[in-house]
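Input sequences plus hints: build the corresponding full structure.
So the protein lines, in turn, are chains A and B.
The letter at position 171 of the first sequence is residue 171 when you use this note's numbering, and the numbering goes up by one with no holes.
The letter at position 10 of the second sequence is residue 10 when you use this note's numbering, and the numbering goes up by one with no holes.
Honestly, the hints are just simulated from the structure, not real lab data.
Note that CB positions come from ideal geometry on N, CA and C, so glycine has one too.
Among these hints, one or two may not hold up.
Cross-link-like lysine-lysine pairs, in silico, DSS-like; alpha carbons within 30 Å at most [what the hints assert, rightly or not]:
id : chain 1 : residue 1 : chain 2 : residue 2
1  : A       : Lys414    : A       : Lys392
2  : A       : Lys392    : B       : Lys2
3  : B       : Lys13     : A       : Lys373
4  : A       : Lys373    : A       : Lys414
5  : A       : Lys180    : A       : Lys373
6  : A       : Lys414    : B       : Lys13
7  : A       : Lys414    : A       : Lys105
8  : A       : Lys392    : B       : Lys13
9  : B       : Lys2      : B       : Lys110
10 : B       : Lys110    : A       : Lys392
Listing some non-contacts, in silico: residues in chain B with all C-beta distances to chain A over 12 Å [to be verified]:
id : residue
11 : Met1
12 : Ala57
13 : Pro80
The residues making up each chain are set out below.
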Amino acid sequence: MSWDAPGGAFHPASAPDYVPLAQMRQLQLERLRAVVRRAYDRVELFRRRLDERHFSPEKLTALTDIEHLPFTTKADLRDTYPFGLFASPIEDVVRVHASSGTTGKPIVVAYTRQDLEVWTSVMVRAFAACGLNRGDLLQNAYGYGLFTGGLGAHYGAEALGATVIPVSGGNTDRQIMVLKDFRVTAICCTPSYFIHLIERAAELGVRMRDLPLRVGIFGAEPWTESMRRHIEIEGGIQAFDIYGLSEIIGPGVGVECPFHHGLHIFEDHFYPEVIDPETGHAMPDGEEGELVLTTLSKQAMPMIRYRTRDITVLATEPCPCGRTVRRMGRIARRSDDMFIIRGVNVFPSQIEAALLAVEGTLPHYQILLTRHKGLDAMEVQVEVTPELFSDKIGALEGLRQRLAYAVEHILGLKVEITLAAPRSIRRSEGKAERVIDRRNLTTEVLRENPSTVSVP
Amino acid sequence: MKIHQLSLFLENKPGQMIQPCRLLAEAGIGMHTLTLADTQQFGLLRLIVTDWEEGRAILEQAGYLVNVTEVVAVEVADRPGGLVGLLDLFEAGGINIEYMYAFTFGREDKAVLVFRFDQPDAAIDRLRAAGINVVNGVELGTRIHA
Numbered sequence: 001m002s003w004d005a006p007g008g009a010f011h012p013a014s015a016p017d018y019v020p021l022a023q024m025r026q027l028q029l030e031r032l033r034a035v036v037r038r039a040y041d042r043v044e045l046f047r048r049r050l051d052e053r054h055f056s057p058e059k060l061t062a063l064t065d066i067e068h069l070p071f072t073t074k075a076d077l078r079d080t081y082p083f084g085l086f087a088s089p090i091e092d093v094v095r096v097h098a099s100s101g102t103t104g105k106p107i108v109v110a111y112t113r114q115d116l117e118v119w120t121s122v123m124v125r126a127f128a129a130c131g132l133n134r135g136d137l138l139q140n141a142y143g144y145g146l147f148t149g150g151l152g153a154h155y156g157a158e159a160l161g162a163t164v165i166p167v168s169g170g171n172t173d174r175q176i177m178v179l180k181d182f183r184v185t186a187i188c189c190t191p192s193y194f195i196h197l198i199e200r201a202a203e204l205g206v207r208m209r210d211l212p213l214r215v216g217i218f219g220a221e222p223w224t225e226s227m228r229r230h231i232e233i234e235g236g237i238q239a240f241d242i243y244g245l246s247e248i249i250g251p252g253v254g255v256e257c258p259f260h261h262g263l264h265i266f267e268d269h270f271y272p273e274v275i276d277p278e279t280g281h282a283m284p285d286g287e288e289g290e291l292v293l294t295t296l297s298k299q300a301m302p303m304i305r306y307r308t309r310d311i312t313v314l315a316t317e318p319c320p321c322g323r324t325v326r327r328m329g330r331i332a333r334r335s336d337d338m339f340i341i342r343g344v345n346v347f348p349s350q351i352e353a354a355l356l357a358v359e360g361t362l363p364h365y366q367i368l369l370t371r372h373k374g375l376d377a378m379e380v381q382v383e384v385t386p387e388l389f390s391d392k393i394g395a396l397e398g399l400r401q402r403l404a405y406a407v408e409h410i411l412g413l414k415v416e417i418t419l420a421a422p423r424s425i426r427r428s429e430g431k432a433e434r435v436i437d438r439r440n441l442t443t444e445v446l447r448e449n450p451s452t453v454s455v456p
Numbered sequence: 001m002k003i004h005q006l007s008l009f010l011e012n013k014p015g016q017m018i019q020p021c022r023l024l025a026e027a028g029i030g031m032h033t034l035t036l037a038d039t040q041q042f043g044l045l046r047l048i049v050t051d052w053e054e055g056r057a058i059l060e061q062a063g064y065l066v067n068v069t070e071v072v073a074v075e076v077a078d079r080p081g082g083l084v085g086l087l088d089l090f091e092a093g094g095i096n097i098e099y100m101y102a103f104t105f106g107r108e109d110k111a112v113l114v115f116r117f118d119q120p121d122a123a124i125d126r127l128r129a130a131g132i133n134v135v136n137g138v139e140l141g142t143r144i145h146a
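Next up, the structure:
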């Protein structure tokens, strides 16, 4: 592999990030034709949908023809659980990962050996864009396991030639000890966890900004410019946003360069479109909409026009860093009601199921997300119903605990249950506003950093 | 002999008490006693009113969650040891007190205790057998407002 060539370190300028646009579009078209053919021949669901549209892979003669292809959604992965969208026989699948779904069943994704090589190569390019190289010590605090974050970052950093410390998530005091004692120069984790590390370090008498740590690569949850400033000042580092999702590959779909003008998408492997989430029609570059990604080189599980539900914009004008690939704005919000808290995907329907399980009735409820000292907290406000109401404090406290336990059991996340008076939770036009996100992510991005992606 | 007590669920924030009190006042319903039990998160307002049925109707109409509980009011001597004698009685009978509150009304050296028992009828039998005055709703009103 070129990034591991003997006698020389990987240099990002050798990556496809810099090829002339015409050449990139040609490459994308060739790969798109190949991946659509592969999916058509090997994935029943995709073949049926294409046949229904009287479209065939040969009709793809230009990149714009992608609009004729059907979308793939998270529901498709759920409906074909676990292996229904595989385009490779199990003999060729060398790894699977899984992420949380809406119904308790995870979503399973698969990789051939070549898929893993592609994943590693985009992670090498991502780390290189963040200024990492041989000689860097990377503390990988993403969870290792079914979650793609841990292993994805691990193999990418190793291939780049950095020294990987596979500490995984959790155990904050040990993280701080390693950061300090190993003279770590780079870390990857969620941004909120890094803020937690800064605060815990201070309690232990360690000033993060006095440590050799110089780079942080943060992803797996939305964050803001004000968080970046806080992290950079208190952590004494430069902070980079990395984007990815298991369905496409894991981390490594896109990353910021040192200019922090949005995230460069590795579009030789992941073809981006932005669509109107209501109509499904393409939006012009520079206009906000839902990000749709097509994996151009995936073998085991090609994703054709996958609806990410992430709202962003695409920017085409050149970046001062010289990369020619398009950039996406930082994810401001999602087009469905799923939210991400502490790196965990949560759907209100999961919380609904937990509430329903406790007393057999579904009270009116609302989820309140807050961020305190950099850590996200989730509160579920539950309206007390006549069935649930008791004259005894102990009974009501017991109810609260049962509800909290049920939600924590399903999500694996700590939750605060608040009992609310009947009709005290606002109803909006019949449809309940289930999630109130006071973490203030969207508005901060738009207000404080309107030039994150400069729109022509 | 049992008295109907109204319990209201209130959120633990300013201004929650005034509205139910105002509704009752406007309907001409008096309060014999009230007590507010609170936790960090919510409060329970327990009321004994002059007309519990009307009181409940008014509060429910206004959207409150109202729980009607039967409690027992007992008159005891307002002096040291007055309560101990009662508690001995319940303990001997294996009767559990779920909660209670007490008040005095500045007359006759008497205090009134309001109990919620797990077995109110058994408690009343024991009290009567011991010759202790169990106060009904009408009496409660006359004692307080006399």
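We went through each hint and held it up to the structure:
About 26 Å separates the Cα atoms of A:Lys414 and A:Lys392, which keeps this hinted pair within 30 Å; it holds. Proximity of A:Lys392 to B:Lys2 is assessed by CA-CA distance (about 18 Å); at most 30 Å being required, the pair is judged to hold. Straight-line distance between C-alpha atoms of B:Lys13 and A:Lys373 comes to about 24 Å, which keeps the hinted pair within the 30 Å bound. Distance hint between A:Lys373 and A:Lys414 is fulfilled; the C-alpha atoms sit about 16 Å from each other, no more than 30 Å.
Proximity of A:Lys180 to A:Lys373 is assessed by CA-CA distance (about 22 Å); at most 30 Å being required, the pair is judged to hold. Taking the CA atoms of A:Lys414 and B:Lys13, the gap is near 24 Å; set against the 30 Å cutoff, the hint holds. The hinted pair formed by A:Lys414 and A:Lys105 meets the criterion: a straight-line CA distance of about 20 Å does not exceed 30 Å. This hinted pair checks out: A:Lys392 and B:Lys13 have alpha carbons roughly 20 Å apart, not beyond 30 Å.
Among the hinted pairs, B:Lys2 with B:Lys110 is consistent with the structure: their alpha-carbon atoms are about 19 Å apart, no more than 30 Å. A distance of roughly 27 Å separates the Cα atoms of B:Lys110 and A:Lys392; the hinted pair therefore holds under the 30 Å criterion. No beta-carbon of chain A is positioned within 12 Å of the beta-carbon of B:Met1; the least distance is around 19 Å. With a closest Cβ-Cβ approach of about 15 Å to chain A, B:Ala57 is found to remain outside the 12 Å limit, as its non-interface label requires.
Distance to chain A confirms B:Pro80 as a non-interface residue, since its nearest Cβ pair spans about 29 Å, more than 12 Å.
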